[in-house]
Amino acid sequence: MDKNARLKLSLASSFISKVLTLSLQVLAMPIVVEQLGQSGFVLYAMLLSINSWLLLSTAGLSPAVMVKLSGINSIARKRSWIASGYFLFFLIGAVVAIISVFFSAAFDLGALLGYVNSSFSNDIQLAFIIISAGFFLQCLSIVSDAIILSEQKQYVTNLSVSCSAIFSIGYLYIFSAQLTSPSDFVLVVFIPSIAVRFILGSIFLIKNKLLVINQYKIIKMKILVKNGLRFFKAGSLTNFLLHVLPVVIIGKAYSESFSSQYVSINSFIVLASSLVSMLCLPLIPALRSSIVKKDTKWLNVAISRLRKYCLLIIFIAAAIGWTFANYILTKLFNENIEYNYYFVGVASIYFATLVWSNYSYCILSAFGKVEYLSHVFLVKSLCSISAIFIFTFLNIEVNPFLIFILFFSLFEFIQVKRFIKITLHEKNINYN
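So the sequence shown is numbered by my numbering: it starts at 1 and just counts up by one.
Because the hints were derived from the structure by calculation, they are not lab data. Just so you know, these numbers come straight off a predicted model, no measurement behind them. Among the clues, some could well be false.
[What the hints assert, rightly or not] Here are the in silico distance ranges between beta carbons for each label pair:
| hint | residue 1 | residue 2 | range |
| --- | --- | --- | --- |
| 1 | F393 | G170 | 42 to 52 Å |
| 2 | A133 | I213 | 17 to 27 Å |
| 3 | S255 | F15 | 45 to 55 Å |
| 4 | S304 | L402 | 26 to 36 Å |
| 5 | I72 | S121 | 43 to 53 Å |
| 6 | N214 | I99 | 20 to 30 Å |
Even for Gly, the Cβ is constructed at its ideal location relative to N, Cα and C.
Let the sequences and hints guide you as you build the complete structure.
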């Protein structure tokens, strides 16, 4: 299968898997609200956000592994890098999961999350243990996903995600009445995807004889960590500061109606943004390979199409957000959450900024310029979360998406666009 065929299959399967994942979340959130109430829904979202906290420990290692492997043709060298990456993820997953379990036993998690006298207090620790165990498997799944992506065979990962999403959707649809606690929903929504990805990823590595674990090298693990820190600032840390930490702050400090509105929309934005990411991700190894081979003709066409697709998504998102999105969301949650028109409209503009950020990340990662982007993303994110802290301290409920848009405009849009233009010009690639 040639590069274009693999890329088309990866893009098509990425779209299908993300549509199914989005459908799962769309189905799950109203059921959580109906079964657990607004308070239980916010707790459920906060518990899932803990996984994102734990994922900070992987520090951008997944794209570091993927980019490193994309430029290697020798199977012997590739096996050594794969073994080093896999062993590194295994160590991180095991250590963090064990520490998390001990942490849950030593501290009152209900008090930390603001649910001391809640009916869900006793369930929080169980949910945390499930998430910790899932995180270990997730680490092994992440590294196998990166290896598969470097082989430009992301459709394998997408198949596992699609199968697990179908299972979870079916379970929610048939047995939703039996799900009565946050841990039940965490188990049904969160765990299946990780388990299936781990199984299929392991089969892929063993079948293709890519993983020879005793070939790992400490020096290569150190190189991956160093490169991972750059991707960490541009990806994991930025996502944490913009989409995870605000959920906890707003969930604890803001009114129930405001926080439930924000948490649900933020979940949709993260899912939709990950759809764009999965459409961009298969391009990175393909672009990287073309850069090494100096195939400027293919690069010109691919980058031009990517930019046009991203602009189309931005236009569609803004159009939907400022017309009937608030009505659809209100009906989707059976009017248990009432959505403000302007709140939803501003959120759609923020989603548009994330689409553009994904475009920038894809291009600059392929060209090995992610360090510049990581600095810009970090400044934008730190300013945004600082502003949220200040408004929270002053007891002022401000739409967080407005803050995110403001700092995107100030720090990212013009600067990164100019830098991409210069980078492409150096490779004799047009920026139209």
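Review point. Within 17 to 27 Å or not, the Cβ separation of A133 and I213?
Key: 22 Å, holds
Check your understanding: Does the Cβ-Cβ separation between F393 and G170 fall within 42 to 52 Å?
Key -> Hint holds: Cβ distance 45 Å, inside 42 to 52 Å.
Check your understanding: That 43 to 53 Å hint for I72 and S121 (C-beta), does it hold up?
Key -> 51 Å, holds
Check your understanding: Is it true that S255 and F15 lie within 45 to 55 Å of each other by Cβ?
Key -> For F15 against S255, whose Cβ atoms are near 37 Å apart, the range 45 to 55 Å is violated.
Exercise for review: Take the C-beta atom of N214 and the C-beta atom of I99, compute their distance, and say whether it sits inside 20 to 30 Å.
Suggested key: Since the Cβ atoms of N214 and I99 sit about 27 Å apart, the hinted range of 20 to 30 Å holds.
Check your understanding: Do the beta carbons of S304 and L402 sit within 26 to 36 Å of each other?
Key -> Roughly 32 Å apart at Cβ, these two residues keep to the hinted range, so it holds.
Hint 3 from the earlier list is the only one contradicted by this structure; the remaining hints agree with it.
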